[in-house]
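Participant: Each chain, letter by letter, is given below.
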Amino acid sequence: MASQSAHLPTSVEETLTLLRNGNYLANRSLATALFLALKLNRPLFLEGEAGVGKTEIAKVLSATLGRKLLRLQCYEGLDVTTAVYEWNYSRQMVEIRMAEATGTGDKDALESNLFSDAFLIKRPLLQALEPDVAGPPILLIDELDRTDEPFEAYLLEILSDYQVTIPELGTIKAEHPPIVIITSNRTREIHDALKRRCFYHWVDYPTAERELEILKIRTPQAAEELSKEVVGFVHRLRKMDLFKQPGVAETIDWAHALTQLDVMSLDPEVINDTLGTLLKYQDDITKIQGSEASRILNDVRTELAAARA
Amino acid sequence: MLDASLRELPDATPGGRLAENIMHFARVLRRAGLPIGPGQVLEALRAVAAVGLDNREDFYWTLHAVFVNRRDQRELFDQAFHIFWRNPDILGRMMSLMLPEMGAMQDNAPKGEEMSRRLAEALNPSNNKAKEQLEDEEITLDATLTWSANEVLAKKDFEKMSSEEIRAAVAAIQRMRLPAMEVKTRRYRASLTGSRVDMRRTLRAALRGGQGYIPLMKREKRVRRPPLVILCDISGSMERYSRMLLHFLHAVTNDRDRVFTFLFGTRLTNVTRYLRYKDVDEALARCGDAVNDWSGGTRIGHSLHEFNQYWSRRVLTQGAVVLMISDGLDRDEAAGLTIEMERLHKSCRRLIWLNPLLRFEGFQPKSVGIRAILPHVDEFRTIHNLESMKELVAALSLDAPRRQGGMRMFKDEAA
Numbered sequence: 216m217a218s219q220s221a222h223l224p225t226s227v228e229e230t231l232t233l234l235r236n237g238n239y240l241a242n243r244s245l246a247t248a249l250f251l252a253l254k255l256n257r258p259l260f261l262e263g264e265a266g267v268g269k270t271e272i273a274k275v276l277s278a279t280l281g282r283k284l285l286r287l288q289c290y291e292g293l294d295v296t297t298a299v300y301e302w303n304y305s306r307q308m309v310e311i312r313m314a315e316a317t318g319t320g321d322k323d324a325l326e327s328n329l330f331s332d333a334f335l336i337k338r339p340l341l342q343a344l345e346p347d348v349a350g351p352p353i354l355l356i357d358e359l360d361r362t363d364e365p366f367e368a369y370l371l372e373i374l375s376d377y378q379v380t381i382p383e384l385g386t387i388k389a390e391h392p393p394i395v396i397i398t399s400n401r402t403r404e405i406h407d408a409l410k411r412r413c414f415y416h417w418v419d420y421p422t423a424e425r426e427l428e429i430l431k432i433r434t435p436q437a438a439e440e441l442s443k444e445v446v447g448f449v450h451r452l453r454k455m456d457l458f459k460q461p462g463v464a465e466t467i468d469w470a471h472a473l474t475q476l477d478v479m480s481l482d483p484e485v486i487n488d489t490l491g492t493l494l495k496y497q498d499d500i501t502k503i504q505g506s507e508a509s510r511i512l513n514d515v516r517t518e519l520a521a522a523r524a
Numbered sequence: 012m013l014d015a016s017l018r019e020l021p022d023a024t025p026g027g028r029l030a031e032n033i034m035h036f037a038r039v040l041r042r043a044g045l046p047i048g049p050g051q052v053l054e055a056l057r058a059v060a061a062v063g064l065d066n067r068e069d070f071y072w073t074l075h076a077v078f079v080n081r082r083d084q085r086e087l088f089d090q091a092f093h094i095f096w097r098n099p100d101i102l103g104r105m106m107s108l109m110l111p112e113m114g115a116m117q118d119n120a121p122k123g124e125e126m127s128r129r130l131a132e133a134l135n136p137s138n139n140k141a142k143e144q145l146e147d148e149e150i151t152l153d154a155t156l157t158w159s160a161n162e163v164l165a166k167k168d169f170e171k172m173s174s175e176e177i178r179a180a181v182a183a184i185q186r187m188r189l190p191a192m193e194v195k196t197r198r199y200r201a202s203l204t205g206s207r208v209d210m211r212r213t214l215r216a217a218l219r220g221g222q223g224y225i226p227l228m229k230r231e232k233r234v235r236r237p238p239l240v241i242l243c244d245i246s247g248s249m250e251r252y253s254r255m256l257l258h259f260l261h262a263v264t265n266d267r268d269r270v271f272t273f274l275f276g277t278r279l280t281n282v283t284r285y286l287r288y289k290d291v292d293e294a295l296a297r298c299g300d301a302v303n304d305w306s307g308g309t310r311i312g313h314s315l316h317e318f319n320q321y322w323s324r325r326v327l328t329q330g331a332v333v334l335m336i337s338d339g340l341d342r343d344e345a346a347g348l349t350i351e352m353e354r355l356h357k358s359c360r361r362l363i364w365l366n367p368l369l370r371f372e373g374f375q376p377k378s379v380g381i382r383a384i385l386p387h388v389d390e391f392r393t394i395h396n397l398e399s400m401k402e403l404v405a406a407l408s409l410d411a412p413r414r415q416g417g418m419r420m421f422k423d424e425a426a
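Chains as they are written, first to last, in the numbering used here: chain L, 216 to 524; chain G, 12 to 426.
Same shape as in the complex, but just chain L (with noise of 0.2 Å):
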């Protein structure tokens, strides 16, 4: 964890140094929109393909400004028992059964206990909503676009004003709202109404020269050469009529995985081998692996020898 005392950034130019200081390379608008979400207080939607980086980003967060993270992975049929809060039932049937037992039997009085924070299980939308002693913490509200539309609507009480409602309760509300990071893959359109609640970024592929940076400090162990190499053949992967094309996240695991296996510098031979680690459908390998593998290699190393030239 970095300091505890870190404060939240106060121009676009800190948020950048922030997120650098959590080895997190991000462009300008990114920052841009970074910064807006923690100075208005509104969320930030992130959306991308996958392997871009967008759950990173709440990670670093975390870890940078020293608050807790709380993570919300979206699924299909995700509803409020499992997000925002549950009654605990079998404490509250003991409960009625201690009260019948012990002939204490003011209804009223036992409805109010039953129905109390004591037997509240939180969820992480409403643990969000709680002061924690390191600064609100921050939310992330991962792959949305899993979960069906009624959930969606739910979130909308939760993002505009920060605040949730038990009908046995009442209405909780967050003292200092929490910094919230929502990202989606884009399998469906997310509605109008939650994006206009939220400052919206779409996290793109990053440039080689800024992908070759990241490299650097994701796996500092990757030769110069090699990690050259390996930005100039998913770059023009990238540009190829893939299926799925391969990620920052995809090239991080490729440099780790060559490391792993002493490459220097990439032969056919490796590519073929070790391509599984950066495209993940059958169809897209067969397409690439051999002599399309090749010939982008020779293309690769042609430039990189103009560049140096």
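Among these hints, one or two may not hold up.
Claimed, not checked - Label pairs and their computed distance ranges (CB to CB):
1. L:TYR304 to G:ASP65: 33 to 41 Å
2. L:ALA408 to G:SER202: 49 to 57 Å
3. G:ASP268 to L:ASP498: 52 to 60 Å
4. L:ILE381 to G:GLU390: 42 to 50 Å
5. G:VAL208 to L:GLU383: 13 to 21 Å
6. G:ALA301 to L:ALA423: 52 to 60 Å
7. G:ASP268 to L:ASP323: 38 to 46 Å
8. L:GLN378 to G:PRO49: 17 to 25 Å
9. L:TYR304 to G:LYS289: 41 to 49 Å
10. L:ARG523 to G:GLN320: 47 to 55 Å
11. G:ASP65 to L:ALA524: 38 to 46 Å
12. G:GLN320 to L:ASN256: 32 to 40 Å
To be verified - With a Cα cut of at most 25 Å, we get these calculated DSS-like pairs of lysine-lysine:
13. L:LYS459 to L:LYS495
14. L:LYS322 to L:LYS283
15. L:LYS495 to L:LYS431
16. L:LYS410 to L:LYS454
17. L:LYS410 to L:LYS254
18. L:LYS274 to L:LYS254
19. L:LYS274 to L:LYS410
20. G:LYS357 to L:LYS502
21. L:LYS454 to L:LYS431
22. G:LYS357 to L:LYS495
23. G:LYS232 to L:LYS322
24. G:LYS401 to G:LYS289
25. L:LYS283 to L:LYS388
26. L:LYS337 to G:LYS401
27. L:LYS388 to L:LYS454
28. G:LYS229 to G:LYS195
29. L:LYS337 to G:LYS232
30. G:LYS357 to L:LYS459
No wet-lab data here; the hints were simulated from the structure.
Glycine is no exception: its CB is placed at the ideal position from the N, C-alpha and C atoms.
Let chain L serve as the given structure and place chain G on it in line with the hints.
Facilitator: Same frame as chain L, but now just chain G:
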């Protein structure tokens, strides 16, 4: 129109020229089809105040974070930003020049995915011409880019649908209702006979009653219709059916939620939002405008590839059912069709192929295209008259048997 009256208002925004300009910029974007309300204008002012004005790039991304909320709005925003913040007047004049066209589009502003792309083209000073010219350009471009010289890029005239028979048939189609093929979701609802205990309601009932016992409340799984994705062939060989099919598609779209419709000939067009118009004539007219390859050649493999690549991951979620309507006659000699069909089949709950050719007795799947498609469909039906449409409706309501595809492959291999 609301916008016109707003434009007449005196500029009375507090905060000097910048605030005023941001408001005008928001208005320009709104007229161009971005769903921007006054709330966002205020938010933009607050955001700009937070970031400061030292840096043009920061200013750009600040407004971007507030005003853009879909990926496809980025180009439009980008162009509007660069034109407006160099000289607001130019853009204003350009917009007023194009106002007749805008007016027609304003009705669809909130739904304007395709719209904004067209507007982005219109906003670009280099092809800032009348609408007809724009379309001429598109068409010549298409003719050179697509494979077939024979491709007929004529627009279909829906006005011609007037014969008595057709009208009767259309009326019948409009009355058709797709019964729900329902699937269980992972959500629950209160029920008297459900199989699970609803603890929350049980405990509340216990307190309410106070008779000394706890009544058991039940819940059951909610059911919901899965999304329906329709891929409809509108090439020359399907011409006789496409009118009727469009009426059918319109009826289906308006009958249930989560229907996505794509038309394809030599390329794929998403017409979902046009078909959502309640008025069938308006819906079909807009489809006619959007599609450029009526009654041309067919490139099924290519169109499916486009679908798999750009759309399947966005619409084939939550157990979608795919209806593919095509005669399977492919000018590309089924190039790449097998692979694309396999992918499509693997990414949906159920794939139903509707083929009007099936009405001929002794129909045999001889064409390459048909033979490439057949192994990858769960169900193969005809659709050539009202009767078959009704049968289809019945078929859709049945609960599909679990798919055996994967197992069959293993068994074949073992045999």
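Participant: Determine for every hint whether it applies to the structure shown.
Facilitator: Okay, the hints, checked on the actual structure:
no., hint, verdict
1, L:TYR304 to G:ASP65: 33 to 41 Å, "violated (57 Å)"
2, L:ALA408 to G:SER202: 49 to 57 Å, "violated (30 Å)"
3, G:ASP268 to L:ASP498: 52 to 60 Å, "violated (32 Å)"
4, L:ILE381 to G:GLU390: 42 to 50 Å, "holds (47 Å)"
5, G:VAL208 to L:GLU383: 13 to 21 Å, "holds (19 Å)"
6, G:ALA301 to L:ALA423: 52 to 60 Å, "violated (37 Å)"
7, G:ASP268 to L:ASP323: 38 to 46 Å, "holds (44 Å)"
8, L:GLN378 to G:PRO49: 17 to 25 Å, "holds (24 Å)"
9, L:TYR304 to G:LYS289: 41 to 49 Å, "holds (46 Å)"
10, L:ARG523 to G:GLN320: 47 to 55 Å, "violated (36 Å)"
11, G:ASP65 to L:ALA524: 38 to 46 Å, "holds (40 Å)"
12, G:GLN320 to L:ASN256: 32 to 40 Å, "holds (39 Å)"
13, L:LYS459 to L:LYS495, "holds (7 Å)"
14, L:LYS322 to L:LYS283, "violated (40 Å)"
15, L:LYS495 to L:LYS431, "holds (24 Å)"
16, L:LYS410 to L:LYS454, "violated (30 Å)"
17, L:LYS410 to L:LYS254, "holds (18 Å)"
18, L:LYS274 to L:LYS254, "holds (19 Å)"
19, L:LYS274 to L:LYS410, "holds (22 Å)"
20, G:LYS357 to L:LYS502, "holds (19 Å)"
21, L:LYS454 to L:LYS431, "holds (23 Å)"
22, G:LYS357 to L:LYS495, "holds (15 Å)"
23, G:LYS232 to L:LYS322, "violated (33 Å)"
24, G:LYS401 to G:LYS289, "holds (22 Å)"
25, L:LYS283 to L:LYS388, "holds (18 Å)"
26, L:LYS337 to G:LYS401, "violated (51 Å)"
27, L:LYS388 to L:LYS454, "violated (48 Å)"
28, G:LYS229 to G:LYS195, "holds (17 Å)"
29, L:LYS337 to G:LYS232, "holds (24 Å)"
30, G:LYS357 to L:LYS459, "holds (16 Å)"
Violation of the numbered hints given earlier is confined to hints 1, 2, 3, 6, 10, 14, 16, 23, 26, 27; the remaining hints are satisfied by the structure.
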